[in-house]
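**Student:** What follows is each chain in one-letter form.
Protein chains: 2
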Amino acid sequence: MKIGDKHYRTIWLGDDGWSVEVIDQTLLPHAFELMRLTNVAEAAAAISTMVVRGAPLIGATAAYGMALAAHEDASDKNLQNAHAMLLATRPTAVNLRWALDDMRGRLLAVPQGHRRKLAYKRAAQICDDDVATCQGIGQHGGKLIREAFEHKGGGDAVNVLTHCNAGWLATVDWGTALAPIYTAHDAGIPIHVWVDETRPRNQGAALTAYELGSHGVPHTVIVDNAGGHLMQHGMVDLCITGTDRTSAHGDVCNKIGTYLKALAAYDNDVPFYVGLPHSTIDWSIGDGVAGIPIEQRDGEEVSHIRGVNGDGKGTTVRLVPKGAKVGNFAFDVTPARLVTGLITERGVCPASRDGLLELYPEQAATAA
Amino acid sequence: MKIGDKHYRTIWLGDDGWSVEVIDQTLLPHAFELMRLTNVAEAAAAISTMVVRGAPLIGATAAYGMALAAHEDASDKNLQNAHAMLLATRPTAVNLRWALDDMRGRLLAVPQGHRRKLAYKRAAQICDDDVATCQGIGQHGGKLIREAFEHKGGGDAVNVLTHCNAGWLATVDWGTALAPIYTAHDAGIPIHVWVDETRPRNQGAALTAYELGSHGVPHTVIVDNAGGHLMQHGMVDLCITGTDRTSAHGDVCNKIGTYLKALAAYDNDVPFYVGLPHSTIDWSIGDGVAGIPIEQRDGEEVSHIRGVNGDGKGTTVRLVPKGAKVGNFAFDVTPARLVTGLITERGVCPASRDGLLELYPEQAATAA
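Chains as they are written, first to last, in the working numbering: chain A, -6 to 361; chain B, -6 to 361.
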C-alpha cells in the first residue's frame, strides 16, 4: 500500500539482489525507517524484536531468512541451523513453522549448488502468494462495502469499525481485515474507519491509524470503550476484524475485546465480518470458546505504555499504582452466532461448519 | 475509607476550625498529598483543576467553598459572587448547582451575623448526608455480594468487575459502586475486584486500583477489552458500576464502555448492578438512549496519556500518529433491559419505571 506517493510492501529484495529490506515497525507511528537484513541472525532478530510482526509477515521474513542462510552457506548443516534459529524467535506462530518447514524441505531436496537460487525464488513466491490471498479477501470484502454504500443511497461514506491491526503491516501487502477497506477506497467508494486503539499494545492507535493515514483513508481513532455507543447511534455501518485462529465451526479467536464489539454489533443489527486467509482456520477445533487456549502475556503491557513525550522522544510511563496486580489476557473468542460472515480468499461464507466446508470442501474429512 | 491504617474522608474541616482539607487527586496514584483550601478561589480552583472530582465530592467542596466565603465576608454580595465563581468551575455537574443553591438559599435567609456558623454546619451536614447515602447503598449492595458468596458455596472469593471510579474518592466516603464492595470486605466476605482501567482517563487504573489497594481489597487491573473474556469463562460473579445519570425507566448513563460490559454480562448470565444515590435519577427522561445527550471531550484525552516515567516523574506521551483524528465520547447509555438491578440508598429495585417508583413513590407525578 502507499506511504505518501510511494507503494510499499512490508518486505522486499534489496537492489543488490540478495539482501532483504523491511520496515522497522517498532518505530511506527512516530518514525518511518527501513532496515536491511544481510544474514539469518539479523532476520531472526527482526522477528524476535518485532521489527516485523503479524503471522503472514513473520512467515515471509522467515522464508527470506532461509534464503539469506543459503546465500551464505547452502550446506545441510547451515540450513538446519538457520531453521532452528528462526523457529526459536516466536515459537507459537503457525505461519512461521509452516514457512520454515516448506523452505527446508524444498532446499534439502535439491543439490547444494541449486539451493541459493531456489531459496530466493521460493521466498518471493511465498510473499506473492500472501499478497494474492489478501487481494482475494479484499475483492470479496470490498463487495460488501460497496453493497453497504449502495444500501445507504450511494451518497454518504461507509463507516467501518475495526479492532487491532490486521492491515498490510501484518501481512506482505493489503492485509486481511483492512484489504476490503483498501479495495473499496481504491475503487472510489467513500469510506471512513473507526480505529479502536486496542489496548494493551495499541496496535490500532499506532499501526492501523498509521497505515490508513499513509494510504489516505479517512479514519478516527477511538478508545476501545467507544464502539458500543457508536453502533447504538447508527454511526457504524459494518465491522471488520481479523482473526488469529478460527475454529471449524466459525468461532473467531482474535485480539482481546473483539468479542465485546461483536456483542454490540449484534445488539444493534450492525453486520460483523471477519477477514481471514484459510491458513488461520484450525480444522481440529469445533467449539472455539472451550477449545482455543488464551495466552496470558506480561503484565507490563497493561501497567505501562509507550509513546513519545513532548520532545518527540520514545518514552514508557507507568499507569497503575506501584506494585498493583494486573492481568493481561491477549485474545478472546467471539462465538460464531455473533459473526455475520467470514471473508476468505475464496469468498464470503456464514460462520459455521457448513459455511466453511462449502468454500473448503477438501476439509470435509478433517473438520471437527 | 482506609489509607494504610488511617481512616480518611475526601474532604474535612481543618484543625483550625475554618479551613478545609482535601486529597489532591491529580497526583494519585503516584503520590498522596493533602491540599488546604483557605478561601473560595482556592475551592473553585480545586474543583476546576480536578484536585477533587466525582459529582458528590464536587457538591461537598462547593458547599465548603460557600462556607469559606462566609468566613471571609458574609455579605449578600460576597456570597453571590462565591456562588457564581464556584458554579462556573464545572457547569454541567448536577450536584454542584444543587449544593450551591442550597447553601445560598439558607445563608441569605438569615441575618449576616449568623451566616458563618450556619454555613459550616450545613456544609458538614451535606457531607454527612452523602456518607449516609453511600452507606445505605453499601448495606443494600453488600447483601447481594453476601448472597453471591453463599451461592458459590461460601468458600471462594466473590469476583466483582467494576468500570471507572465510583468509589470513595468520587464521594465523601464509601463511594457508590464500591460501597457494597467495602461493606462486604469489612464484613469479612472474601472478595476480589477486576478493575477496568477505563480509557481514556484511566480512572480505574489510577483511582479505583489506588483506593482498593489502600483499603486492602484484593484486585487486579485489566484493560477495558478483557471483561467479556472473563465473563465468558466464569471469572466474574457480578458487575457493579456507578452512573452519572439514570433515566426514569432505568437506563443508565455512565462512563463510556459500561454498555459493552453490560452486554457481556447479559450474554453470560452474570448479574449487572448499578449503584446510585437518588440524586442521579433524572425523572424527566424516560428513554435514556434517545434522551440523554453524550458529552464529547477534548481529543487529547485519547491521543495522549499521563503516567510516571522511569524516574518517577509525571510525564505525558502521545500514542497516535502526529495529527491523527481522534474521537472522545465520554459516556454511553446502558439500556435498562441489560441491568439486573439498581442499588440505591433505599434498597435494590428492578431497572424500570415501576421498580424505581416502588422505592420513590413520591416521584409518581413527575416520572416520565
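Watch out, some of these pointers could steer you wrong.
[What the hints assert, rightly or not] Below are the SDA-like pairs computed for lysine to any residue, each with C-alpha atoms no more than 25 Å apart in a straight line: (1) A:Lys315 / B:Gly303; (2) A:Lys306 / B:Lys(-5); (3) B:Lys(-5) / A:Leu21; (4) A:Lys(-1) / A:Ala34.
[Unchecked claim] With the Cβ distance kept under 7 Å, some of the chain A side facing chain B (calculated, not the full set): (5) Thr31; (6) Ala198; (7) Ala202; (8) Val313; (9) Ala360.
[As the list claims (entries may be wrong)] Computed Cβ-Cβ distance ranges for the label pairs, DEER-style: (10) A:Leu20 / B:Arg290: 23 to 31 Å; (11) A:Ile(-4) / B:Asn261: 36 to 44 Å; (12) B:Asp179 / A:Leu352: 23 to 31 Å.
In case anyone wonders, no lab produced these hints; they're calculated from the structure.
Ideal Cβ placement from N, Cα and C applies to all residues, glycine included.
**Student:** All the hints need checking, so say for each whether the structure fits it.
**Tutor:** Status of each hint after checking the structure:
no.	hint	in the structure
1	A:Lys315 / B:Gly303	holds (12 Å)
2	A:Lys306 / B:Lys(-5)	violated (39 Å)
3	B:Lys(-5) / A:Leu21	violated (43 Å)
4	A:Lys(-1) / A:Ala34	violated (29 Å)
5	Thr31	violated (30 Å)
6	Ala198	holds (5 Å)
7	Ala202	holds (5 Å)
8	Val313	holds (5 Å)
9	Ala360	violated (23 Å)
10	A:Leu20 / B:Arg290: 23 to 31 Å	holds (30 Å)
11	A:Ile(-4) / B:Asn261: 36 to 44 Å	holds (43 Å)
12	B:Asp179 / A:Leu352: 23 to 31 Å	violated (58 Å)
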